[in-house]
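J.: Reconstruct the complex from the two isolated chains, following the hints.
Keeping their order, the protein sequence lines are chains A and B. Numbering-wise, the first sequence is residues 1 to 492 according to this note's numbering. Numbering-wise, the second sequence is residues 1001 to 1085 according to this note's numbering.
It is worth saying that the hints were derived from the structure and are not from the lab. Since this is a predicted model, take the numbers as computed values, not measurements. Even for Gly, the Cβ is constructed at its ideal location relative to N, Cα and C. It cannot be assumed that every hint is accurate.
No more than 27 Å apart at the CA atoms, straight line, and that leaves these computed lysine-lysine pairs for DSSO-like [unchecked claim]:
hint: 1; chain 1: B; residue 1: Lys1078; chain 2: A; residue 2: Lys469
hint: 2; chain 1: B; residue 1: Lys1085; chain 2: B; residue 2: Lys1004
hint: 3; chain 1: A; residue 1: Lys435; chain 2: A; residue 2: Lys321
hint: 4; chain 1: B; residue 1: Lys1069; chain 2: A; residue 2: Lys486
hint: 5; chain 1: B; residue 1: Lys1057; chain 2: A; residue 2: Lys58
hint: 6; chain 1: B; residue 1: Lys1069; chain 2: B; residue 2: Lys1033
hint: 7; chain 1: B; residue 1: Lys1008; chain 2: A; residue 2: Lys469
hint: 8; chain 1: A; residue 1: Lys277; chain 2: B; residue 2: Lys1032
hint: 9; chain 1: B; residue 1: Lys1057; chain 2: A; residue 2: Lys469
hint: 10; chain 1: B; residue 1: Lys1085; chain 2: A; residue 2: Lys473
hint: 11; chain 1: B; residue 1: Lys1057; chain 2: A; residue 2: Lys45
hint: 12; chain 1: A; residue 1: Lys428; chain 2: A; residue 2: Lys199
Reference listing, derived: stretches of chain A covered by chain B, where coverage requires no fewer than 3 residues with Cβ under 8 Å from a Cβ of chain B [unchecked claim]:
hint: 13; stretch: 11 to 20
hint: 14; stretch: 376 to 383
The following residues of chain A were derived to be distant from chain B, with all beta-carbon distances above 10 Å [as the list claims (entries may be wrong)]:
hint: 15; residue: Val148
hint: 16; residue: Asn190
hint: 17; residue: Gly191
hint: 18; residue: Thr476
hint: 19; residue: Asn480
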Amino acid sequence: MAMNTSTPKETSHLKREILVRLIKAYLSDNFEENTRLIPYAMRPKNSDVPNYRCCIFKERAILRDRAIAGLGFSIEDTDDSVLLSELANKAEKREVPDEHPLTVLTTACKGCVPSRIYVTDLCQGCVARPCVNTCKFGAISIQNGKSVIDPEKCKNCGMCVQVCPYQAIQKIIVPCENACPVGAIAKDENGHAKIDFDKCISCGKCASACPFGAVHEKSQIIDVLKHVKAGKKVIAMVAPAMFGQLPCKPQQLKEAIMELGFADVYEVAQGADVTTKTEAAEFEERLMKGAEFMTTSCCAGYNELVDKHIPDMKPFRSDTKTPMYYTAEIVKRENPDAVTVFFSPCVAKKREALQNPNVDYVLNYEEIGAWMIALGIQVAECEESEFKTQASAEGRNYCVTGGVAKAVQTLLPEEIPAHPVIIDGLTKQSVRDLKKYAKNGMCELGNLIEVMACTGGCLGGNSTVNAFKPALKQVTNYVNESKSIKEQVKEG
Amino acid sequence: MSEKVSVKVCLGTTCFVMGSSNLQELIETVPKKYGDRVEVSGVPCLGLCSIDWEFSKAPYVKVDDDVIKEATVEKVLKAIDEKLK
Chain A
1 MAMNTSTPKE TSHLKREILV RLIKAYLSDN FEENTRLIPY AMRPKNSDVP
51 NYRCCIFKER AILRDRAIAG LGFSIEDTDD SVLLSELANK AEKREVPDEH
101 PLTVLTTACK GCVPSRIYVT DLCQGCVARP CVNTCKFGAI SIQNGKSVID
151 PEKCKNCGMC VQVCPYQAIQ KIIVPCENAC PVGAIAKDEN GHAKIDFDKC
201 ISCGKCASAC PFGAVHEKSQ IIDVLKHVKA GKKVIAMVAP AMFGQLPCKP
251 QQLKEAIMEL GFADVYEVAQ GADVTTKTEA AEFEERLMKG AEFMTTSCCA
301 GYNELVDKHI PDMKPFRSDT KTPMYYTAEI VKRENPDAVT VFFSPCVAKK
351 REALQNPNVD YVLNYEEIGA WMIALGIQVA ECEESEFKTQ ASAEGRNYCV
401 TGGVAKAVQT LLPEEIPAHP VIIDGLTKQS VRDLKKYAKN GMCELGNLIE
451 VMACTGGCLG GNSTVNAFKP ALKQVTNYVN ESKSIKEQVK EG
Chain B
1001 MSEKVSVKVC LGTTCFVMGS SNLQELIETV PKKYGDRVEV SGVPCLGLCS
1051 IDWEFSKAPY VKVDDDVIKE ATVEKVLKAI DEKLK
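In isolation and in its complexed conformation, chain B is listed as follows (with noise of 0.2 Å):
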């Protein structure tokens, strides 16, 4: 493993709303876990949560190029282990 995982809160207000201001807290808690093998950072509007109906489906989380959708903190954790393997 050379390569940092990227993982991208979505902070647009949907998702915001839909529960990603309780994924704020992985900004903290995943450097401390992974230390710098992991990248973690807030962004605006991904984008995904206007096709259709899919706001029901935030907040989005993206690791890597996964999307995760209604996502939450054990879920984010798990597709970064699973990245890490």
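Here chain A stands alone, though its shape is the one from the complex (with noise of 0.2 Å):
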């Protein structure tokens, strides 16, 4: 991932491999059987334990759960005594994807300690003692000289962390809990993480950030298999950030896509010039009457957020439908009888997806760049594809953070100035901002707010391949050659 948040590069490389094995075993004669063996061709007999196992046994198992999620089952709610290929059997059955796309392997997750403030032994007992006089609780007392807290009486506030002239009272925090924006994620009562998928907006932040790899995707690959080797009319649609993941040209990346076995490729950013022009006329609408200020309303993230946390933004959401929502419109009314894929760079699009019917399967990044190891396609070597519809440089520039907004301002008339005001990835910060402007009506920064779930946008997303900079690179050329959404109105 992006920027700061680095996803573990261990974790992601597992996660991969097995979802490349799986494929695999699709492909091959014996689906069922050679999904059984992963984990022991993973592992095989006398290979030596990853010193972060206690034994070879323990890591086949959690081989094993990590494959349940590859198959697109929660891996909480499956039997311990349930065999991979039973559940290769019932994957391949599958109408319809879970409901919801996130789930935690436990066997995993134990390794981390409960959240909490701990004195290290770097405290030298000092005569001030700032610690004890700031806590407003009375949980820190002194005993052998040295400063303890009573987990008891302790709120976690975190104010002797603050001020301890020694920096030594810090914060064990748990990475999942601290990066969920909305307190969607905690350990139980056994200290295993455990998500409640009511606060839960799918964000994938906890999933970038669990040093362990314990929260996982459930991967819609099988599904997408099952329909391109039954030959259905399988046809993707390619959210902008993908064209920064892999090494070749956009033009290149619709003939691998081709080669994958779908039938045809459409540009999300084509959706993104619908969303574009839609958002720009609703903008200068409810401005014209007199409205404070509006949001975006493209990120599924964000989406989930106002739905499930800040009811009172709903008023001040753009009611413009997303990029993903437009295309598929446009697929379907162009192909009544296809099966239609989203390639996200996030796991939220997996919600919104289950929301519209018009689009049928999500696959993400690392799902795409699995699937083509699996086949060796090597995308610097392919042929180049044009698009049908050539989408605008703004709508291919909706995956960058400010992208949305500059584009919605590219259609403003002059006598409507945007303030823009971007929210570049959600916080547990930037989440109590955003209640705070819903609750005043109003926000002292702007009046077109842009909130992108991830930091950098969409090419930050949890489960995209290449690394940000090199990404952004990328799609800023791809932008550089693509014509301005400008030029398509005036042409219309």
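T.: This is the structure:
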């Protein structure tokens, strides 16, 4: 993932390896048996046990659980006695993907100690004792000359951490809890992370943050492979961020996707152009009617945040649909018999797709990458193939933070001044800010609030493959060789 | 030491997806650290991933003739340091 929050690379490697093996198993002559063998193929008898694991048996059990997520099932809800081969069979017969796209592998999770404030050995037992004096809850006392925190009284406020002149008091964090902007993941009574799906906005930050790779996405790869194998007309809808993911030209990427077995490829930037035009008109109308501000509505994570946590924001959120929505509408209109697959940089789009009958499946960039590995496709050697409909520069730039507001601004008349405010990633703090704007009915910083759940925009999505900087460079090159949406509007 | 150390980061699809996307930073950082003693470049598929199940050991980096499996920035820098000793 992008910038300050990087996906632990080892765990990404493991997850991707399992996906490749699952796809290879599916394409082999014995899907069920070859799926059952995945943990044994990855950790054969007498092979080295990774130093983070006690024994090969636990390691294999955990790889089995990871494969369950790859098959698209909930790890929590799957009984340990069920063989992977049975699950492979069940996955192939499944008609509809699971409702919630995230699942926690509790056996991998166990390593974390609960989040708390902890006095380290660096405590000098000083005379001033600012920690004792600053604690509002009387939780700190001196024992044997050093500060000790009473966990019963401590409220985790962190004041003592800030005032200690030796920086001897530390907050121990649980990475998933810390990363979650809405408090939807927490340890249960057994110390395992558990997602509260009533609160979860599917932003995927917990999956990126966990150094044990314990939070998994339930993959829909088998479902898509099944339709391709059956010879259905499967159409890919590729979100703008995809063009920064693999080392090739956009036109080569299209060809590579066709080689996977897709019947056609549409750019979601095409739908983004509809979003831009609709949203610009909407913004103008709202401002004319005296609205204080409007927020964008293209990010699935943000939309779920508003729906579940900030109902006061609903009147301020644009009613314009997402680029995925418009693209899927176009694709189904032009190909009523098609099975549509959205290529997504994040997990949140899986939730959005479930509410949209025009989007049948969602695959993320890790899954697409794994599929290309399984088929041995060299993207850099693919032929070039043009898209039937050319999207605008602004539409192709939707995946970069600030890109949506910029696109809308491009189409606004001069007398309607937009002052964009960019929320570059949802955090506990930015959620508080958004709640404040909603409650006050105004935002002192501007009138067009663009919200991206991921830092950097979609290019920072939790299921991306490329590092942020090179991905941005690649997308920017594509944007720079594209026509402006202004010209598109002029041409009608 | 007269010869330059050559570092080739494989940017084939398999290596890229399995992690060489994160090794691209070497192309910037290595010249800064070693000057012209090391030559680093991103190269098309080295062909190491296609044998059997060797994709699982990707990404691959070649430091002179030595192949680094499951390459990370740290592993590559260590290999360069060894060569320059």
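J.: Among the hints numbered above, which are violated by the structure, and what are their numbers in rising order?
T.: Those not satisfied are hints 4, 8, 10.
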